[in-house]
Amino acid sequence: MPLLINRELVDNDSWQLVDAEALESNTLPAGDIIVPLAYYQAHEAALNAREGQVAIQVSGDDEIDGVLENPNQFPLIAIFIPALRDGRCFSIARLLKRAGFKGQIRAVGDVSHDRLDFLTRCGFDALDIPADRFSDEVFNAFSEFSVRYQGAEDDSRPVYRQ
Amino acid sequence: MYQYNQVDQQLVNERVASFRDQTRRFLAGDLPEDEFLALRLMNGLYVQRHAPMLRVAVPYGMMSSQQMRTLAHVARKWDKGYGHFTTRTNIQFNWPKLEDVPDILEELAKVQMHAIQTSGNCIRNTTTDQFAGIIADEIEDPRPYCEIIRQWSSLHPEFAYLPRKFKIAISGGPTDRAASQVHDIGLHIVKNDAGEVGFEVLVGGGLGRTPVIGKQIRPFLQKKDLLSYLEAIIRVYNLKGRRDNKYKARIKILVNALGIDTFRELVEAEWEQIKDSDLQLTDAEIARVQGFFTPFDYEADAANDTSLEAKLAEDETFAHWFRQNTVEHKVPGYRAVIVSLKAHLVAKGDITHQQMDLVADLADKYSFGEIRSTHNQNLVLADVRKQDLYALWQTLSEANLARANINTLTDMTVCPGGDFCALANAKTLGVADQIDAKFEDLDYLYDLGEIKLNMSGCINACSHHHVGHIGILGVDKKGEDWYQITLGGSDGEDASLGKVIGKAVAADEVADTLEKVLSVFVEQRIEDERFIDCVRRIGLTPFKEKVYAPAH
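Just so you know, the protein sequences line up as chains L and W, in that order.
Here the first sequence is numbered in our numbering, starting from 219 and rising by one per residue.
Here the second sequence is numbered in our numbering, starting from 7 and rising by one per residue.
Keep in mind the hints are simulated off the structure, nothing from the lab.
Yeah, the Cβ is synthetic: ideal placement off N, Cα and C, and Gly gets one too.
Honestly, I wouldn't trust all of these hints.
What the hints assert, rightly or not - Covered by chain W, according to a simulated footprint, are these stretches of chain L (three or more residues, beta-carbon under 8 Å):
#1 294 to 305
#2 319 to 326
#3 349 to 363
Stated by the list, open to error - Computed cross-link-like contacts, EDC-like style, restricted to lysine to aspartate or glutamate with a CA-CA straight-line distance of at most 16 Å:
#4 W:K246 <-> L:D304
#5 W:K246 <-> L:E281
#6 W:K171 <-> L:D304
#7 W:K246 <-> L:D280
#8 W:K246 <-> L:D372
#9 L:K320 <-> L:D279
#10 W:K444 <-> W:D514
#11 W:K336 <-> W:E144
#12 W:K281 <-> W:E271
#13 W:K221 <-> W:E146
#14 W:K252 <-> L:D304
#15 W:K246 <-> L:D283
#16 W:K229 <-> W:D284
#17 W:K229 <-> W:E146
#18 W:K246 <-> W:E274
#19 W:K221 <-> W:E206
#20 W:K336 <-> W:D307
#21 W:K197 <-> W:E146
#22 W:K522 <-> W:E551
#23 W:K254 <-> L:D304
#24 L:K315 <-> L:D372
Here chain W stands alone, though its shape is the one from the complex:
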């Protein structure tokens, strides 16, 4: 993974000092609250229901074991012993004290971590495929470009006060595991007819109040033009995006208002002015950054392992976990392991400091010391020898990190909701527990097959409910929490927005309602059809009829 050089380290250290100074001026009354708000948000610090919340950047989901141990240390020393992974692959701490935040940042800086631009109306953490670099179907590893974007976007002097937040995702190949179509900018690594590798560029996707699928602005962009093209898009957005209404300030609204063709003309005209400037990436710079993401020294004889087959044959529980929670690696003899942060009746994406330390140890022991976070709030150990899987599984199981539920209904993506978040309209954690309790039977979940369930506690859609196969949105009705259900969303290469099936259901009826939805699926399903494919085939009507049928 990327290692800081002196410039990277200096920048992060200086940001710690500048934030310390901003905090001091705020506490001394020299910095108005409203101004400090914008500044602290740009450094990941929210003020929540109970305490401030600090969101620490995990750039494109990559962490070293050392960084994970520091996160554990932060959770122990300054928080209540746990953290929460987010759909931007970052980690949040829910209980730090405002005056401690500069010290936390200083501790993080020692291991090349920061909270720069994890919130605020600026360019956020670029996200990508959790299997980048190890999956067979990718055209090229997207992580070097994520890092190049991270550097370009960090403390960009022109783009720190955009109309609204700005999110970029990169997919390394045709299978989209980065939800790139629902980002402000989605980049797809593609090969053109001449065999050159570059980017297809999408713009104007997003969720929130107005969910939109991104539109293609350029079918092929040369690698060297990556930053100049991003700069052209964001400059047009910075100048023309709406600032009168924060709900209409995202780039998707501008793109829709102008139309993609007019927007493209503006961007291309701007780009023409800057494409041949110093912004052009050099081959040397691309090669330098790529040098941090070269393949590990994989063992050639790892492919000769026979112990895994034996273990799979003798231990059914392990075999279930293997099937659900591990993924084929492009190197024979290795698998990628998904560490489930979706344990039974545990807040989704939460991880304790003991678990963080354990995962760090396991990464050192089995996976070259690296850990990844996913946009579905799980962790990945990406490079595990097949012969080590059984021992790894046993240790993960003891730590409640091996629930074999990846890509099933209970692998829910859930925001912290009204229990923590000041923006939320409704709570989410209790409903997630209700779903866990109702659908505990793993065999039933396996029979249902792949289902993505995403639940957000408000219209800001942090948990991407619009693109869940099943989406749940918490809404407030006269002080009570109600839940609106959508079906048919997807954040993959077949991206689509879910449609609401009808009026919201009461908090205690969510799991029962899902049971009805699933019963329609089971009745109508053709062979091993996926839930999402079934919904697309039969439409919403059968589900509506079942869910809203008058009681007998």
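Okay, chain L solo, but in the shape it has when bound:
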């Protein structure tokens, strides 16, 4: 799937999102992997013992207070967006940023053109766009608005402090 990092298309991404089947059978691929938070919590010792880096994927239904206490134990946190209308991802990303997370925040799931700018403003640096929703037009998404009223993660100053 096309992956944008800092608004640029990248093709040498080392991270693999582990699929449900592999999780079920505990047959993890080699290399850097992203696993769901619940799986990580259940298999933390084994995951940390393997070669390759481990990242977690959280979703709006997860209790993430524990993650927020020490987010930088992970090099990357993916936030799963189950559907267009699910806006929890925006707040989760902002909470991670506020908790001091320095790693990559990656949007996965239903990621498409008309939310890319808001995702970026809320702190996402990587956008994993499904192939069928990707075209060169998505790069326009970041320049549709040149002004904004609110502060966010890209610039904390609201318009009245700019």
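Starting from the known structure of chain L, fit chain W onto it as the hints suggest.
Okay, now just chain W, sitting in the frame of chain L:
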């Protein structure tokens, strides 16, 4: 009123361009229908029974005469010559073509108007008192705070996909003309013991399927903390509000599920993290926005007018209109005029393009070029000299805009209902006509005194039927329209939810049923008691007995 600066204008222009691009991608098949639906709703565009419906924002009900003329132009050029004012003080056009909407938005942007967030699961138009800035009992003009909220909430990157729609209302003083207690967030401008002006904050009010009166979350909030506190509430809601069932997704359900105390703890903990951030409002910003709402140059000698008294004495019809449709202004010599959009047998809240142009002209001539829309679907010319009232009334009368029925039974708040709205279960317009026809006699209406009648065509309660003194809810029973009647609601500072009096009545029996209800009131009323006070005093039983008495 507020005037756009370059940033405001740029944002609206860019939203027009982005919507044009979204429409293009949708028509080209690049944007799935379901996704375009969410995006177009966030720009006020519904698909209705006959055509799309475009809802244009009228921020906190304020319009200039120039904006009103543009609305008239839109109605003429792209619609069937009229518009409909809503209970969020916005205006809807019922007949635009989808592919024309970007052009309409471009036209609106030229006069600092837009359709941003007039629908969808996002922060909607903030509403307030239609008499803001001119009424004696207000503590402070709420409109600057409405504008500050408008800017903060417009294209907010975090809160564009909330669990459900989100509505904020602000009341400027102890008399609540903004229905603030039935909003997701209600803000009351209050003074604390130290004499500082700030906000009492309510949360979790709302109507719809589960009507709830808002609960106090904070007795006093400093002005500088307005946005950080709103952000804390909405962040908690965004993360914890239900998303599995749209009927349980409003913040009121979350507040009730957690309890207000637990909800408050979550909000206050979140707020603690952000209250000292850049979100804090600066005195300079508050003063800047307040600078757009300073009093007009009122004429000192307007108070010396004697012509009004003479006209009132000689023209009884005018005197009725004066009593019903004008309101005391805090500046001597001036009145606020309510332009009735509740003409006899006309769809409530509807206004033709000719009427829009006329109201714009009258605003220029008599009221400093500004017009307000009310949450009861009327218009207000807020700053009219007493000496001009007679001439204004004559012109309004000729245009069918001076029905002297404000705050009476026929000043009904009515949604477009099943004739237009795809969500409606029942029609409303015919029933409103039936009520108009039955209660045409103004003397009878004046004798009945203040009565708020609100009628919604479905449980979504766009017309706030739960908080009408008399509420009418259209329901569908096996393909037929039936109407459930509630009594005892109020959206004022004494907010209460009406109670259903019994089984729904058939479409052709609504006005007769109201007549029975009113006959009980007339029998039981003590002196000049208001209808709502009588209902509260005697309870529903006498009304039920009368309405559902077996036929003789």
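Going down the list of hints, with the structure as the test:
With 4 residues bearing a CB less than 8 Å from a CB of chain W, the segment 294 to 305 of chain L meets the requirement of three and the coverage assertion stands. Against chain W, the segment 319 to 326 of chain L contributes 0 residues with a C-beta closer than 8 Å to a partner C-beta. That does not satisfy the three-residue criterion, and the hint is violated. Beta-carbon proximity to chain W at under 8 Å applies to 5 residues in the segment 349 to 363 of chain L; the threshold of 3 is reached and the given coverage holds. Distance hint between K246 of chain W and D304 of chain L is fulfilled; the C-alpha atoms sit about 12 Å from each other, no more than 16 Å.
For a cut-off of 16 Å, the pair hint linking K246 of chain W to E281 of chain L stands: about 11 Å separates their Cα positions. Only pairs whose Cα atoms come within 16 Å are accepted, and K171 of chain W paired with D304 of chain L is accepted, the gap being roughly 13 Å. Under the criterion of a C-alpha separation no larger than 16 Å, the hint pairing K246 of chain W with D280 of chain L is consistent with the structure, at around 11 Å. Under the criterion of a C-alpha separation no larger than 16 Å, the hint pairing K246 of chain W with D372 of chain L is inconsistent with the structure, at around 24 Å.
The hinted pair formed by K320 of chain L and D279 of chain L fails the criterion: a straight-line CA distance of about 23 Å is larger than 16 Å. For the proposed pair K444 of chain W and D514 of chain W, the alpha carbon gap of about 12 Å is at most 16 Å, so the pair holds. In summary, the hint linking K336 of chain W to E144 of chain W is supported, as the alpha carbons are separated by about 10 Å, within the 16 Å threshold. Between K281 of chain W and E271 of chain W the alpha-carbon distance is near 15 Å, which keeps this suggested pair within the 16 Å criterion.
Taking the CA atoms of K221 of chain W and E146 of chain W, the gap is near 22 Å; set against the 16 Å cutoff, the hint is violated. About 12 Å separates the Cα atoms of K252 of chain W and D304 of chain L, which keeps this hinted pair within 16 Å; it holds. For the given pair, K246 of chain W sits about 13 Å from D283 of chain L by alpha-carbon distance, which is consistent with the 16 Å threshold. Between K229 of chain W and D284 of chain W the CA atoms are separated by roughly 14 Å; this keeps the pair inside 16 Å, and the hint holds.
Between the alpha carbons of K229 of chain W and E146 of chain W the distance comes to roughly 12 Å, so the proposed pair stays at or under 16 Å and holds. For the hint linking K246 of chain W to E274 of chain W, the alpha-carbon distance of about 15 Å falls within 16 Å, and the restraint holds. Proposed proximity of K221 of chain W and E206 of chain W is supported: the alpha carbons are some 10 Å apart, at most 16 Å. Restraint check: the Cα-Cα separation between K336 of chain W and D307 of chain W comes to about 15 Å, which is no more than 16 Å; the hinted pair holds.
Annotation: proposed proximity of K197 of chain W to E146 of chain W holds, straight-line Cα distance about 10 Å (limit 16 Å). Using a Cα cut-off of 16 Å, the hinted pair K522 of chain W and E551 of chain W holds, with the two alpha carbons roughly 10 Å apart. Of the pairs offered as hints, the one joining K254 of chain W and D304 of chain L holds, with about 15 Å between alpha carbons and a cut-off of 16 Å not exceeded. Between K315 of chain L and D372 of chain L the alpha-carbon distance is near 10 Å, which keeps this suggested pair within the 16 Å criterion.
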